[in-house]
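Following the hints, put chain S in place on chain P, whose structure we already have.
Taken in order, these protein sequences are the chains called P and S.
Once you know that position 3 of the first sequence is 3 in UniProt numbering, the rest is easy, because the numbers rise by one and skip nothing.
Once you know that position 154 of the second sequence is 154 in UniProt numbering, the rest is easy, because the numbers rise by one and skip nothing.
Hints are computed from structural coordinates only; laboratory data are not their basis.
Treat the hints with care, since some could be wrong.
It does not matter which identical chain is used: a pair holds within one copy or between any two.
DSS-like mimics (lysine-lysine), calculated; alpha carbons at most 27 Å apart, straight line [stated by the list, open to error]: (1) K34 - K44; (2) K2 - K61; (3) K42 - K16; (4) K44 - K106.
2 protein chains.
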Amino acid sequence: MKSELIKQSINLFVEKGFSATSIQDIVDTIGVTKGSFYYHFKSKEALLMDIHSHYIDDLLKRQKTILDTEKSHKDKLIAIVELIIVDIEKQGAVGRVYFREIRHLKEENAAVIRQKRADFRNNIEVLLKEGIRANEFRRELQPKIITFAILGITNWSYQWFSVEGSLTVKELSAMYTDFILHGIQSPNASN
Amino acid sequence: MKSELIKQSINLFVEKGFSATSIQDIVDTIGVTKGSFYYHFKSKEALLMDIHSHYIDDLLKRQKTILDTEKSHKDKLIAIVELIIVDIEKQGAVGRVYFREIRHLKEENAAVIRQKRADFRNNIEVLLKEGIRANEFRRELQPKIITFAILGITNWSYQWFSVEGSLTVKELSAMYTDFILHGIQSPNASN
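Excised from the complex, chain P in its bound form:
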């Protein structure tokens, strides 16, 4: 029931937005009463926080698994880009809610999520810094700004990419890692 409430609310938030979706709208989609909603969540905001927390905690965990391997900086970066892009297939809707509705969290909750987002971003920034030091990536790059560019490419894909089109998420991911690597690799880096 809880997972069904989450699933249906994500669909409604994508379609109508968080503000315009009522708890009544959510329970109506699965034919239960408001009581069932309040059994699982204190409020609509609590549900939104649940969606945000699970999403970023899961991303951070999978990012850590990648960073803990013995791969090159380049291969770790490829794996992180793939992680975000391939996720569109299963997490496209939740990603759109995550990127769009954070301002509807209570300030104390938004602060928690913002910190976790910053952690995810900082991990990429550190990876770029280390890759520059290892001469894999170009010396003149500003890691922080390039991290935002990479996340711009991946996160924007959640806005436009349709899993019903002819391009697969794997193909999109390959094109974007190729583009990003051309953008950052040191001319004398081995490929």
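Using the frame of chain P, we list chain S on its own:
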């Protein structure tokens, strides 16, 4: 008065979102009555459409000016990226409303805006295609997908870039055109 209504509503939409902002909220910020609002706009949605139309019409006009010059494909692309990024300084707030609130337009209005967005995007796609044909850009690129990557980088900047930071929009624009050109330029293109 009309421009003041637009300006204040953009600030409120950025802060609270379109759905959570009432016409009363908007008129309260400048101390006028709802009557003044309705003198200029039929509804809150009509105001949102006005914001969307002006924003994209202006971008399309300036993009056309760039495309009508005799520059190389590379230099035209640089100019378009600069156009979007440097705009953050003056149009940051309206850009955020534009990217985020289109779903609150009536379907017939949203369709008009979506078509203009597609025109802006297609113009970049055609530029990339022609640049590939002219051997300025790499042959293996898919222009449509790379266009989305470029717009991901530029449009995402509206989410995170702060004009109060130490980096200027000009510097950001230079870093991103460098990154994008490394990503797409043909190895045998002259620089």
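Here's how the hints hold up against the structure:
In this assembly of identical chains, K34 and K44 lie within 27 Å of each other by CA distance solely inside one copy; the values are 11 Å within and 31 Å between copies. Taking the shortest alpha-carbon separations for K2 and K61, only the intra-copy value of 23 Å comes in at or below 27 Å, while the best inter-copy value is 50 Å. Taking the shortest alpha-carbon separations for K42 and K16, both the intra-copy value of 21 Å and the inter-copy value of 22 Å come in at or below 27 Å. Taking the shortest Cα distances, K44 and K106 sit within 27 Å of each other both inside one copy (11 Å) and across copies (26 Å).
Of the numbered hints stated above, none is contradicted by the structure.
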